[in-house]
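J.: What follows is the residue order along each chain.
Protein chains: 2
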Amino acid sequence: MAYTAPVNDMMLALKTAGDLDGLIARGIYGSLDVDTIRAVIEEAGKFGAEVLAPLNASGDKAGSKLVDGKVVTPPGWTEAYKAFADGGWVSLPGSERWGGQGLPEVVSMTACEIWNAANLGFGLCPMLSQGAVDALESHGTEELKATYIPKLVSGEWTGTMNLTEPHAGSDLGALRTRAERQPDGTYRIFGTKIFITYGDHEMTPNIVHLVLARLPDAPAGTRGISLFLVPKYLVNADGSVGARNDVICASLEHKLGIHASPTCVMKYGEKDGATGWLVGEENRGLNVMFIMMNAARLGVGMQGVALADRAMQHALAYAKERRQGRSANTRGTDMAPIIEHADIRRTLLTMQSMTQAARMICVATAAALDVADRGTSEAERTQAAARAALLTPIAKAFSTDVGVEVASMGVQIHGGMGFIEETGAAQFYRDARILPIYEGTNGIQSIDLVTRKLPLEGGKVAAAYIAELEKTVADVKASNQPAFGRMAERLGEAVAALKQTSHWMGGALAKTPELAMAGATPYLRLFGLTAGGAYLARGALAAAREGHSAQAIAQARFFAENLLPATGGLATTVTSGGDIVNETTPEMFGA
Amino acid sequence: MAYTAPVNDMMLALKTAGDLDGLIARGIYGSLDVDTIRAVIEEAGKFGAEVLAPLNASGDKAGSKLVDGKVVTPPGWTEAYKAFADGGWVSLPGSERWGGQGLPEVVSMTACEIWNAANLGFGLCPMLSQGAVDALESHGTEELKATYIPKLVSGEWTGTMNLTEPHAGSDLGALRTRAERQPDGTYRIFGTKIFITYGDHEMTPNIVHLVLARLPDAPAGTRGISLFLVPKYLVNADGSVGARNDVICASLEHKLGIHASPTCVMKYGEKDGATGWLVGEENRGLNVMFIMMNAARLGVGMQGVALADRAMQHALAYAKERRQGRSANTRGTDMAPIIEHADIRRTLLTMQSMTQAARMICVATAAALDVADRGTSEAERTQAAARAALLTPIAKAFSTDVGVEVASMGVQIHGGMGFIEETGAAQFYRDARILPIYEGTNGIQSIDLVTRKLPLEGGKVAAAYIAELEKTVADVKASNQPAFGRMAERLGEAVAALKQTSHWMGGALAKTPELAMAGATPYLRLFGLTAGGAYLARGALAAAREGHSAQAIAQARFFAENLLPATGGLATTVTSGGDIVNETTPEMFGA
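Chains as they are written, first to last, in our numbering: chain W, -18 to 572; chain P, -18 to 572.
In short, the hints are calculated from the structure, not lab data.
Don't take every hint at face value.
Since the list gives no way to pick out one identical chain from another, each pair is judged satisfied if it fits inside one copy or across any two copies.
Straight-line C-alpha distance at most 25 Å; calculated SDA-like pairs for lysine to any residue [said to hold, decoys possible]:
id: 1; residue 1: K46; residue 2: E402
id: 2; residue 1: K42; residue 2: H235
id: 3; residue 1: K492; residue 2: N217
id: 4; residue 1: K42; residue 2: G405
id: 5; residue 1: K248; residue 2: E402
id: 6; residue 1: K458; residue 2: N563
Take these sequences, add in the hints, and give me the full structure.
T.: What follows is the structure, encoded as structure tokens:
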């Protein structure tokens, strides 16, 4: 089950959805050039293919285990993690101030796709460390930063996010873990957290937990949540690892997928309290956590792309090799490779074009984050930040839905063999299923899109984005490429549907917000399909200009002619299907 | 994880999609009346809920194991099977001539839903026995019938279907298992079969294998395949079980789901050949096998309904109990049951209405089979058989896609808990995934629909069916029910799209068959959605007439307003998306 990083597809996404040449020309990426970026991605691809991918199936089979209170990761994990950190892959996105390489989001997110495509159970670990770094960088005291960030950036230690409690999943306002102030300025933390990814392991000498908890005098709800840094081992003044803190992994979950990744129940303060340090202000922890979560949401979107790409590669290889039935190219009783059957080709084209569409949406989001971070003017940074905010829920939800759907198609392409675990397709189907759930369910993403992102700047952020999509329609029309088929027509219809529906959403939000909420999920899908179709079209335009890559053109045309027609129906559903959703009472669902 | 058979939904499906009252009035079901049918379904529901459902999760966990050459089914399996047979549930569909109860397909298929919803891993076993009975009844010699059918009908023995070989999955023409004629009129069978469900077990004293094999002088391809009956133990003249036959289970597959159901690699003739008896004529085995497969295809469609319903029940219970966030009905810091959130309601309505739509399509198919079998005139029987032939690929493919999609939504409703195996939602997601694959992949079903079923009687069978759907649109319009919302409009658009696309398909089949093939899968989806929407609408009309079941009306309206809008896009995809599917060469997919 080899994995090859799709470097050409990635570079096309960077160049078209990420406007890489434009951003380089404008100096956003400093001295970085396209060749260097490609070289980094190729090296990452090698590491993913050679070190991480071979451990994917064995890691799934072995799983992480809790043995004598310690989490034992699968065979090869510790060595792979060491090679990963030593290779500088943890430090790739880290700020140069803390020893990182300071590479842009578009590069680190592309690398993120590679780690997770190669091995999702492994890729989760560095993703969470990066979230901890982001939180500390933005809100940590200088002392906390100096003590923890360099070790996290280098990969010497790993980080975790501790949000969820049994009764408080999506609803963080309900959490009960408590923090008590100590005379020395530290806090004692008491409580149980669940679903803590890599909450414990022995791959590194320390683990840095970021934990949401409530002070005794905190207001109720989300305005009473504070964020604490709680190391597994206390850190001595010289930076060395000291005494064990009062935090343990009490058990591991038995999950549908990502078996290699330990999902821990963490107990804080079973003895006299886990020592923690406040990050940011008291009762303002949610703001800090949102910084971690926003970055993580794009990362999870990339995981969706990653799983989709891996499942697609796996299915494509099988479809070229497996022979069943006859085609126009077979003679006598020979059997044809199943890729010669139209229905299999349709499935593969769906898998491939949806994967690339999702990749392009994620890359566009990453590029917006880069400009938000590195833009030359305050106005440019603000505008880009708003663009990133708009696209993040789409990047997360659309891409992870694509991950699940494409992984399911991957099983189907394999026929009966797809249902046999040894084939490998089933693991992608199991692993992918977590993606629409964690870091905010996709339902929550769609509500975020509708209720927080569409209204940004009075709707101007979305309107400006849709205007760009209209420009793409005009460009496709003007290109007059026969190879594009009905791409302009279909994309034009989709963008019109998105525009009209967005307008409707704006009105509904003001007058009948419950209708806007009822239509949020199909609206996000409509947005994702249309944006994806437009990025693919830009990729096709670039390919046509440069006279190569029939693949990019075929993908864009297939997506436009075969998947974009769904947008009209989605618009109808959003704008006229919500009443019955709201009129249906719980009793009407039956017992 | 309780299961309750949805008897009201089932009866509504029987009455509207199955025209139960009409068929009873016309004497098709002899002396059976509605109350008796309901009583049988209620009893089946009790057995499913009380005996089979409690073993579903434990059976998944324990799995079937191969121990010392014998298949050991999970704890409780043998007792449950005995209770199942003793309760008369195996014999329910069996012909009275052989000791069966002779109940119609609509009843046995509804019972089939119950067994598989309660426990898919268990339900597979009797389904396959029934297929063996069908094959023997239609083509067995009187001696074979007398020896084997009564034991299969009573459930004293079980049956299997042996088609697949490692290199011959969907392409049966390529199979290599060979049969040698013996002087006594029997045959010796040599070969390996894979994916044999319940190929071995110790629940019954004998197992009856139906095995496809090739005679030494057989023509190549599918015209050279013969069907043989190969018992696990030879049967003595007095009907008692005799010597062991030369057939063994060599290994079990390690699967994504249905762990309780042993999926066997069967070896025939490892010593001097397994003794077999010819069923039907030499080289005509495929015709007999198609009898088994057609019945099995509807059964698998029902498994899709079953999994969808089970996943829906499980998610609905969770959504009513789990509290997160606030709604219009909550006060202070109370959390609302998540069913009060619009997005959750949309998902539950999607799950429920798709399940009922698929159920109605399957019931309509079963009712057509009943008329084909019991109709009063040859013309009526022929017409009904053609209707059943048309609907079977839709019943199989649409319902099993629904099974997978609804099971996936069921995981999603549970949030993080859905990914934890103990919750149970994940099992449905794993188990459901086999359904679009076995008994002919859904891609093959769509090609069957387009290339064999649409052309039946020069397209008249499909045209007559679509005319009935148009009648439903007119009825909904005429009913003038405010509670129906835009049901008439949306259903009318869907039926028009189906009609136009079917017409296009007829033309494409004649002129550009490769375009017809390229559009087969979205065409089947379009057909399934439209048919499902029409059946739901008939259910709503009945509910409105009788002044009850707001649920049936809400389901039909939700489906029409929120899911039927997809049909317009599917029509566009089918009629104008195929060129790029056919123009894309294997090389254009990349490495």
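J.: Taking the hints in turn, state whether each one holds.
T.: So, going through the hints one by one against the coordinates:
1. K46 / E402: both (20 Å within a copy, 16 Å between copies)
2. K42 / H235: For K42 and H235, the Cα distance is within 25 Å both inside one copy (13 Å) and across copies (12 Å).
3. K492 / N217: neither (58 Å within a copy, 80 Å between copies)
4. K42 / G405: both (11 Å within a copy, 20 Å between copies)
5. K248 / E402: Between copies only: 22 Å across chains, 34 Å inside a chain, cut-off 25 Å.
6. K458 / N563: between (41 Å within a copy, 23 Å between copies)
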